[in-house]
Every structure is written in structure tokens, then in C-alpha cells.
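Participant: Dock chain one against chain two, each of which comes alone in its own frame, and use the hints as you go.
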Amino acid sequence: MPKKLPGSKDIPPAGVTWKPATEYRTGDWRSKRPIRDEEKCTRCLTCWIFCPDAAISWDGQDIHFDLNYCKGCGICAEECPVNCIEMEDE
Amino acid sequence: MTQETPQWRPRLKDIANQEELFTSGQRLCAGCPAGSMARMAMHALPRPKNTIVSQATGCLEVASTIYPYTAWRVPWMHSLFENAPANASGIEAAYKARKRQGLEDDIPDLLVFSGDGSGFDIGVQAASGAIERRHNFLYIIYDNHAYQNTGIQRSGATPKYAWTTTSEVGKKEPGKLLWKKPIALVYAAHDPAYCATASVYHWRDFMKKVRKGMEVEGPAVIHVLSPCHRNWRYPEEQGMQMAKLAVETCFHPLWEYEGETRKYILSAPSRVFALKPEKKKPVEEWLELQGRFRHLFRPKRRDDLIADFQRLTDEDWAFIQKLSNMG
Numbered sequence: 408m409p410k411k412l413p414g415s416k417d418i419p420p421a422g423v424t425w426k427p428a429t430e431y432r433t434g435d436w437r438s439k440r441p442i443r444d445e446e447k448c449t450r451c452l453t454c455w456i457f458c459p460d461a462a463i464s465w466d467g468q469d470i471h472f473d474l475n476y477c478k479g480c481g482i483c484a485e486e487c488p489v490n491c492i493e494m495e496d497e
Numbered sequence: 055m056t057q058e059t060p061q062w063r064p065r066l067k068d069i070a071n072q073e074e075l076f077t078s079g080q081r082l083c084a085g086c087p088a089g090s091m092a093r094m095a096m097h098a099l100p101r102p103k104n105t106i107v108s109q110a111t112g113c114l115e116v117a118s119t120i121y122p123y124t125a126w127r128v129p130w131m132h133s134l135f136e137n138a139p140a141n142a143s144g145i146e147a148a149y150k151a152r153k154r155q156g157l158e159d160d161i162p163d164l165l166v167f168s169g170d171g172s173g174f175d176i177g178v179q180a181a182s183g184a185i186e187r188r189h190n191f192l193y194i195i196y197d198n199h200a201y202q203n204t205g206i207q208r209s210g211a212t213p214k215y216a217w218t219t220t221s222e223v224g225k226k227e228p229g230k231l232l233w234k235k236p237i238a239l240v241y242a243a244h245d246p247a248y249c250a251t252a253s254v255y256h257w258r259d260f261m262k263k264v265r266k267g268m269e270v271e272g273p274a275v276i277h278v279l280s281p282c283h284r285n286w287r288y289p290e291e292q293g294m295q296m297a298k299l300a301v302e303t304c305f306h307p308l309w310e311y312e313g314e315t316r317k318y319i320l321s322a323p324s325r326v327f328a329l330k331p332e333k334k335k336p337v338e339e340w341l342e343l344q345g346r347f348r349h350l351f352r353p354k355r356r357d358d359l360i361a362d363f364q365r366l367t368d369e370d371w372a373f374i375q376k377l378s379n380m381g
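Order-wise, the sequence lines are chains A and B. Heads up: the first sequence begins at 408 in the working numbering, then just goes up one per residue. Heads up: the second sequence begins at 55 in the working numbering, then just goes up one per residue.
Bear in mind the hints are in silico, worked out from the structure with no lab data behind them. One should not assume that every hint holds.
Quick look at which bits of chain A chain B covers, simulated, 3 or more residues with Cβ under 8 Å [to be verified]:
| hint | region |
| --- | --- |
| 1 | 427 to 441 |
| 2 | 444 to 456 |
| 3 | 474 to 484 |
Calculated cross-link-like contacts (lysine to any residue; reagent style SDA-like; alpha-carbon spacing at most 25 Å) [said to hold, decoys possible]:
| hint | chain 1 | residue 1 | chain 2 | residue 2 |
| --- | --- | --- | --- | --- |
| 4 | A | Lys426 | B | Ile145 |
| 5 | B | Lys67 | A | Ser464 |
| 6 | A | Lys447 | A | Lys426 |
Glycine is no exception: its CB is placed at the ideal position from the N, C-alpha and C atoms.
Looking at chain B on its own, in the form it has when it is part of the complex (with noise of 0.2 Å):
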């Protein structure tokens, strides 16, 4: 554990010069942030030559490893939806058996990579049994708000009245019926070492998260919000915009859990938004922007359903206010 470095600040201009982990090559569509985001990671990993990456399937494992090229310059392991945490903890237990035997003298800093797929829906069980376990490792759920790479299927995370090709728009539907999951909270109540939101255009928010999420002790979980070109439909240059609108209209907070103090802490680019609330933006400025939320807007406005998307976020805005003691 490296603990004299408790404000680590990345500088672009020390970190342009380590080595791409994450490297070019890798096939995800042109202008997904995902890539940004492993990238980030992985350059802001306490130990980069000592750690292991154990991802679940999703957009990021299926473009970075097509067989036979691999874009990933760490020891890299791929399972299924269902069991990354729990490969990761396989990974640590024998690390920990060998190094009893004397076999190792250190055991590598773990990092877990799943879409929401894995991270909301079907992934969870093995999450929560390996948070629960207390196992050390960071696990970073990259949220496109939908199963993307197998052609946009609607999934825990997406949000109410989206567009996906399983919650069709319709007549009598318009759109997913259901809120999305806090899933953030969901794992902080786990009561991990450390959990926190992020969103990919505050890179230097994120970046300090992933450092602190790894150099702590014991289980750590990052939801951070990467979005999807393909099926938000908003033009592919302006992927890092929809990630800043989401949290300056406060659909996606960021904030950290610690698991020490067991307190929430509003993150500074959300503490902005409730200290001058005047400063947050409606909500549909966000919803315009996006073509899986058109038919609010085309043929007929529909004020109520965007009254609604705005109630319910409001309604989750308030509630990680008063958590982080800040409404």
C-alpha cells in the first residue's frame, strides 16, 4: 500500500509520459467513451506493472480482445456476465494461498472491469458476495445505460421512458416503464472500503477515484457513467458532453462513500449544483439532445412524461443530498 500519496493529483503532463496499458487497436465504435474511461483507469492505477484486470463481458471485453489480439498490456482475464468479482476473488485466494507457501512475495492489486449488464442485472450476486468477503480489489461498473454489444436491449440501468429494442415506443408504451437502479447505493450499503459514482468527462474526479478505490484496503466499487452513441443517438464527437449534461442536470450525482467513516461525500462537480441549485439545468436539456428520448419531444411534446423524468431524478438528486448531510 502506498499511503504517502493520499492527494494524488493526476498532471496530463506526467502521466502522457507512462506507458498506454489500454492500447490503440482495440475495436469499440468510433467515439466510445469506454475506451477513454479503461484508459483513465489504467492510467491511474497505483501499481500499474503489479495488477491483474478481470473483466465481464460487455462492449469493453468484446472489442478489446478479439482473438487472436489482445489490446490490454496487464494480465487480463475475461468470465462470463455473471462472475467477474468472483474470479477476482478466486485470483486474490490463491495469490494469497502461494504467497503461505511462500511461493510470492506480494499479491497484485486487482481491478474488475463489467458493463451494466454484469453490474446491475446479472453480475450482482458475485459482487456482493465478493464485497461482502472482503476481498481487496476495485471494481469499476461502466454504465451505457443498456446491453449494448448485443444490440441494445434495455438493462437495470436504463432510465425510464428510453428507447431500447426490448421497450419499443409505441402507442401503447412509450419506452421502459421502470427507474432506473441506484446501483451505487445498492453497493454502499454493502458497506465496501470505499464506493463512489463518476462520470467519464471529469477525468481528474475519476481518476482520484480509481487510485483511491485501489490503494485502499478491502473491496472497492466505481459506477461510472460512459455514454453509448449507438443507442442514445446523439452524434459520436459528443459523447464526453452527455456525460458533463448528466451531471450538471443531476440525473448522475457523483459522490463517494468511505467506508472508514462511513460517510457520503458529495464529489466537487456535483457540490456545485447543491450549493447554488440555481446553477443545475432542467433536466430536459439532457433528454433533447438524445434520439432514444425523441418521441417526448416529436410528434407531440409530452410534458408529463418529461415532468416525470425530472420529479423522479429530483427525487434522487434530494435523497444523495441528504445523505451527504448537504439538503
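Next up, chain A with everything else stripped away, as it sits in the complex (with noise of 0.2 Å):
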């Protein structure tokens, strides 16, 4: 017996979007993947700024990649001034 699916009165009205994006994980659809050179980096934010994806977060001290929504298209490591970032093949 297949599930009863929702009918018109059960969805909400209008098209209303209520999940949050973030449970779409648009980390898989990457094919390289920004490695940081801790060393080398000023902490500038340069790539917070820049990344598309809000895949880099900053807590104050340092950057934090994260790899569940980065989807590898390379403009953190295109655009830091020091060139700290390298993309590596998956």
C-alpha cells in the first residue's frame, strides 16, 4: 500500500518555501577541493568575501572551509592575494 500523498489542503499555500537551503548539501557536486596553506595566509577574508557558496566561515581567529556546500569552482584560490589556497583533485 502506497503512502496517501499530500493533497492540495495538506501543502502550504502560495508555494511557500520553508526548508532551508542548507539541507541541500551542494558539497558532492565538487570535483576539486580548496586545500589552505595555513602559513602562508593573513587572514585577510579576501575569499569570505568572494565565495558564492557562503562555504567559508570565519570565527574570529581563523577560516573554515566547509566542504558539505563548497562546490570546488576555485574563486577563493583565483582570487587570495597571497596564494594560499591550491585546489586539489578530489
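Facilitator: Below, the structure written as C-alpha cells:
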């Protein structure tokens, strides 16, 4: 017996999108992974502002890459002023 | 209105502690600068917890709210290509009415995002009307030069000689035959409270403009260049460099228009090229990096078309310099 699908009265009106997109992990799109040289990094946060996926976070001390969401586009590696980020094949 | 910070300067260490209002998990193409653009805009809001976003159809809308997920942490409303600014006017009018009835204390800030399909072509009428009615909102047009989310059809924003699926390259035609609309000038001619052009690479300039547009009383428009690697055909990591080169070749000069003084002012990244024209790069450097202009260089180099592109770019640039009394 298949589960009954929700009817028109069970779904939110007007196409409300209620789930946070963070439940959807875009990290599996990635074919390259950013590797940061922590010695070389000056914590200028240029990568943070340019990351289109908000996959780079700043905790007040250091930068963290969230590989659950990083799509591996390489903008951070390209824009890093000291070239401390390398893109490595997955 | 927070007028005590007229010279707001974004400092990365401060804004990096703010909550992300445009979150991860959105499904824009990898390396699409529109994601960065939306994040920058959301980080520049003067009252982030008191802002409503109205959005026209476009890549950013399609990719950020795939049912049932949403990447926005603010009240957000999607409408059609045609009517995102009309939506914003309606929201403002509703809040005004509720305030009059004593149901609300405050009218939230309104932000409208639209792509170039809506901002240049389909939604001009609604935007023009909303600006004419002097609604208090900021209209951000992010321009990626074509209708990218439906499969790269040419729009009013596509530059001359660019390849798209509806301006094919062949023996008869070398891509699109018409020049781009000077859309920011069109909106500036409406005499809004504020109007500006920006690019995603110059994030500080862009964020300052967003803050200014939100704080000013009355309509504000920002036209921001956001490259698209699917149409422009460049490696995906170079999106920011493409936006940077577009400014350095003066194809996309950065300027602002202030409604109060009715003056056009060149912004710092472009003023350099007005003061030192020898620093300006030939537009060819930008064109040859993009696959959509490949037919200008291969199999046979078309110097006539490149020269024509350069001429049109220079004419626009000279006009902006003249408007801002820099030429």
C-alpha cells in the first residue's frame, strides 16, 4: 500500500518554500577541493567575501571551509592575494 | 533612517561575524558570481532583520528557492519577470496603511533583485512606475548579459557581437547586431533618489552603494555586473577577474547619480581611468578571454568588429565622463 500523497489542502498555500536550503548539500558537485596553506594565509578574508556559496566561515580567529557546500569553483584560489589556496582534485 | 553613518565602510573582519542571510545550499552554477553578489548585498543592509526582499524571475531566484528549500533568511517574495518592483510598491503601500491604522510601528526596508532579463527588458515598465511613484526601495539589477537560466537567449543587456543561442554566429551574422542598453542611465533619467553602477569584483564599492541605496529616502537603483561562465565561456574560477577587466577596459564604468544634487559622480575604481587614460586597457583584452567572442579572433581575426566594439565602448565611456565633468 503506497503512502498517501499530500493533497492540495495539506501543502502550504502560494508555494511557500519552508525548508532551509542548507539541508541540501551542494558539496557533492565538487570535483576539486580547496586546500589552504595556514602558514601563508594572512586572514584577509578576501576568499570569504568572494565565495558564492557562503562555504567559507570566520570564527574570529581562523577561516574554515565547509566542504558540505563548497562546489569547488576555485574563485577563492584565484582571488587569494597571497596565493595560499590550491585546488586539489577530489 | 540611520543617517549617523554616512561614510559606512565595510570592514571584512566585522561583517564576517554577521549572520549569512543568503545561505549555502543554493543551487547556482559553481562559480556563479551572482551568489557572491547576493551575499555582499545582504551583508551591506542597514537593518538586516527588518528587510523584505522581492525578487523577479531569474537565475538567482530559480537557484535559491527550489521547492521546498529556500536560501533566504529574510522575508522573501517571488513574482514574475514583469512585476518585482510593483510587488515592492504593494508591500510598502500595505505597510503604510497598517501603520496608519496603528497595526505596525515601522515600515521595513525593501530590496528588489532582478536579473537583466527583467531589469532591462520585461520589467522596465513596473520599475519605471515604481520609481515615478517614489516608493522607498532599492532595485538591484544584476546583469549577466543574457537570459541565462532559460538557456542563454539574448537580452537587451547582451553586448554587440556576443554569441547567444538566439544570436548565432555564422556566415551572415557575427553574433548580436545591436549594442547594449545604457540601462543605468535610463533609470537615472527617472531622477531616483540614488542610482549607481557596480561590479562584483569591487565589493567594497558595491557594498557602500547598497548601503547608500537602502538608507536614502526614495527609490534607488544599482546596476551590477555579474559575469556568467556558461554564456561567456571562461573558466569558472575567473568570474571576478572578468568583472574586474570589464571595469578596467571601461566597458562597464562605475558611477553614481545622486538625486539630491542631481550630479553624476565617477566612482573610485573608474575615476583612475579618467585621470590617467593611459591605464585604461584595450577592450580586446577582455573580449579574447571569452568564448562568446571567439569568432572575433578565430578562425580569422576580425579587426573591423573589434574596432567597432572598441569605438562603442569609448563612446559610452566619453559620455559618462562628460556627465560627471571628468572628460
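Participant: Under a C-beta cut-off of less than 8 Å, do 3 or more residues of the region 444 to 456 of chain A approach chain B closely enough to confirm the stated coverage?
Facilitator: holds (count 5)
Participant: Straight-line Cα separation of Lys447/A and Lys426/A no greater than 25 Å?
Facilitator: 39 Å, violated
Participant: When you check the alpha-carbon spacing of Lys426/A and Ile145/B, does it fall within 25 Å?
Facilitator: 24 Å, holds
Participant: Are there at least three residues in the region 427 to 441 of chain A whose beta carbon sits under 8 Å from a beta carbon of chain B?
Facilitator: It holds, with 9 qualifying residues against the three required.
Participant: Taking 8 Å as the C-beta cutoff, is the stated coverage of the region 474 to 484 of chain A by chain B satisfied by three or more residues?
Facilitator: holds (count 8)
Participant: Has the given pair, Lys67/B with Ser464/A, been kept, meaning a C-alpha gap of at most 25 Å?
Facilitator: Roughly 11 Å separates the two Cα atoms, so the pair holds.
The structure fails to meet hint 6 from the earlier list, while all remaining hints are met.
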